[in-house]
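As given, the protein sequences belong to chains E and W, one line each in that order. Mapped onto our numbering, the consecutive letters of the first sequence carry residue numbers 7 to 101. Mapped onto our numbering, the consecutive letters of the second sequence carry residue numbers 820 to 1271.
Just so you know, the hints here were simulated from the structure itself, not pulled from any lab data. Note that the coordinates shown come from a computational prediction; the quantities given were computed from them, not determined experimentally. Positions of the beta carbon are idealized from the N, C-alpha and C atoms, including for glycine. A portion of the hints provided could be inaccurate.
[Said to hold, decoys possible] Sample of chain W residues with no beta-carbon within 10 Å of chain E, all distances over it, derived: (1) Thr854; (2) Cys869; (3) Gly887; (4) Asn929; (5) Ala945; (6) Glu1030; (7) Glu1048; (8) Asn1085; (9) Ala1119; (10) Lys1215; (11) Gly1226; (12) Gly1230; (13) Ala1250; (14) Pro1265.
[As the list claims (entries may be wrong)] Ranges between beta-carbon positions, derived for each pair: (15) E:Asp23 <-> W:Phe824: 18 to 24 Å; (16) E:Asp52 <-> W:Cys869: 37 to 43 Å; (17) E:Asp68 <-> W:Arg917: 45 to 51 Å.
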Amino acid sequence: MTDSSKQTAVITVVGQDRVGIIARVATELAALSVNINDISQTILQDVFTMIMLVDLPQNKFDIKELADHMEALGHEMGLSIHVQHAGIFKAMHRV
Amino acid sequence: MFNDFEILETLSMFREQHLDVRTITMGISLYDCATGSAEETCRRIYDKICRKAENLVRTGEDISREFGIPIINKRVSVTPIAMVAASGDTTDYTVYARALDRAAAAIGINFIGGYSALVQKGFTDADRHLLASIPEALSTTNLVCSSVNLATSRAGINMDAVRMMGEIIKETAERTAAQDAFGCAKLVVFANAAEDNPFMAGAFTGPGEPECVINVGVSGPGVVKTALESVRGQDLEHVAETIKRSAFKITRVGQLVAREASRRLNVPFGIIDLSLAPTPVVGDSIARILEEFGLETVGAWGTTAALAMLNDAVKKGGTMASSYVGGLSGAFIPVSEDEGMIAAVESGSLSLEKLEAMTAVCSVGIDMVAIPGDVPASTISAIIADEMAIGTFNNKTTAVRIIPVPGKKVGDKVHYGGLLGSAPIMAVNVASSADFIARGGRIPAPIHSMRN
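So that you can see chain E by itself, here it is in the shape it has in the complex (with noise of 0.2 Å):
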């Protein structure tokens, strides 16, 4: 899978919603130099549910690092933010 060199990973973010998710987590990802390459956002029952895909800065840290950074700004916001490779998803629901 040549796809694991390419480091490109997909945020969500899940949680109760309220005013400035976004720039927060936009703001932290672009302090990391995290380019965000497509964003969808969407309110289900009340629950805020946003799916990221971005790219990581080459050779700069791998995605376990970032999953531990944002999961930590998760828990301080109060919401629950997974960071995975891309690959899986490929792999998974890609014939």
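Using the hints, position chain W against chain E.
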């Protein structure tokens, strides 16, 4: 690129449905370690395993971290030791078991398989030495797993070996009585053993395997169970379709991990083993999938039909996801490792006889079943003989991993902890099979031309 449903579904598989890769198992050939000196052979075995698998654990952890996929076990399987030890200058093969144990500890894996012999047609002298040493080898090492192939569809069943294994299992139980016969949890006998099986205790690297190879075992009963909850009340075509889709997704995760491990370790990828392997954790049970079919409890009439369909649908979905599927590939039905199985035994709905019927349509066989310690060796041999017959005559792999726990009676329970779980002692038919087992000899291979 992906839709929201797909992303949330995957997230939930890892977060709530216990999807994981059960094992990355590195197969290592030990042929080139054989010498005339047991001491030298052991040194070579230790060195080769440490050299080849030096980075196995770290690589597994790296992949797990980077992809967010739990990878539970990192393991090694080797050439059956009876083949490697044959040219040595000792008949006490436990030295080889200790060499494997030291190597496994040095590289940080949790089990090493291949203290094995293939005796379906007869014994070499080395096979006899190995079998004789199994009780001591398993009671004096921690990480070594042993397996013996007793039968194949081409060679028939070696009933002398079946008789011996009944006695060896009893002796292993006695020697590890202080740990509730834990030694027997590391010992499995097979019909039609798979040479590329990555799962313990039966993993070994067969004679047709390459120098070094990566085999991956996936899991995911929880994913299948959750998917089936969405088709409650619908007909069985929808059930089959749903299982296939789930198996496809699970297998693709395994394929991703296997390819990645193969690339990073610079070792060829062998196979994905599609087995649905349960753990004692609630939500990770094969029994609960069968109950989701509409059975009040596993063991009820209909269980064999449901299991046959589950096993087949898993294979159909999995083979679409990976071109190299091998090993055991099907649903495992170990009792102690599956909370639903344990509950069914304790409620009296699941008997050893029903388990035997279930093994005719799924992988492996009578697995992690604890029985009273006073069951005679000849009865254990007869249980093995029945399982071997099911495998041999139906062209499939079957196995027995049975634990006669000294001092325990039906109604007692033994606890092994971790993935091995806890086992209620199951009742065994007390009628004697001693004269049958005492006959010895071989059961001829079945005729394959008239398939009725």
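Consistency of the hints with the structure:
1. Thr854: Answer for W:Thr854: holds, closest chain E Cβ roughly 40 Å.
2. Cys869: holds (27 Å)
3. Gly887: At roughly 4 Å from the nearest Cβ of chain E, W:Gly887 sits no farther out than 10 Å, so the non-interface label is violated.
4. Asn929: holds (22 Å)
5. Ala945: holds (42 Å)
6. Glu1030: With a cut-off of 10 Å, W:Glu1030 remains clear of chain E, as the shortest Cβ separation is near 24 Å.
7. Glu1048: holds (19 Å)
8. Asn1085: holds (15 Å)
9. Ala1119: holds (33 Å)
10. Lys1215: Consistent with the label, W:Lys1215 stays out of reach of chain E, its closest Cβ about 29 Å off (over 10 Å).
11. Gly1226: Given that every Cβ of chain E is farther than 10 Å from that of W:Gly1226, nearest at about 48 Å, it holds.
12. Gly1230: At roughly 44 Å from the nearest Cβ of chain E, W:Gly1230 sits farther out than 10 Å, so the non-interface label holds.
13. Ala1250: With a cut-off of 10 Å, W:Ala1250 remains clear of chain E, as the shortest Cβ separation is near 51 Å.
14. Pro1265: Fine: 39 Å to the nearest Cβ keeps W:Pro1265 off the interface.
15. E:Asp23 <-> W:Phe824: 18 to 24 Å: holds (20 Å)
16. E:Asp52 <-> W:Cys869: 37 to 43 Å: For E:Asp52 and W:Cys869 the Cβ distance comes to about 56 Å; the hint is violated.
17. E:Asp68 <-> W:Arg917: 45 to 51 Å: The hint (45 to 51 Å, Cβ to Cβ) is violated, given that E:Asp68 and W:Arg917 are roughly 38 Å apart.
Of the hints listed earlier, those the structure fails to meet are numbers 3, 16 and 17, in rising order.
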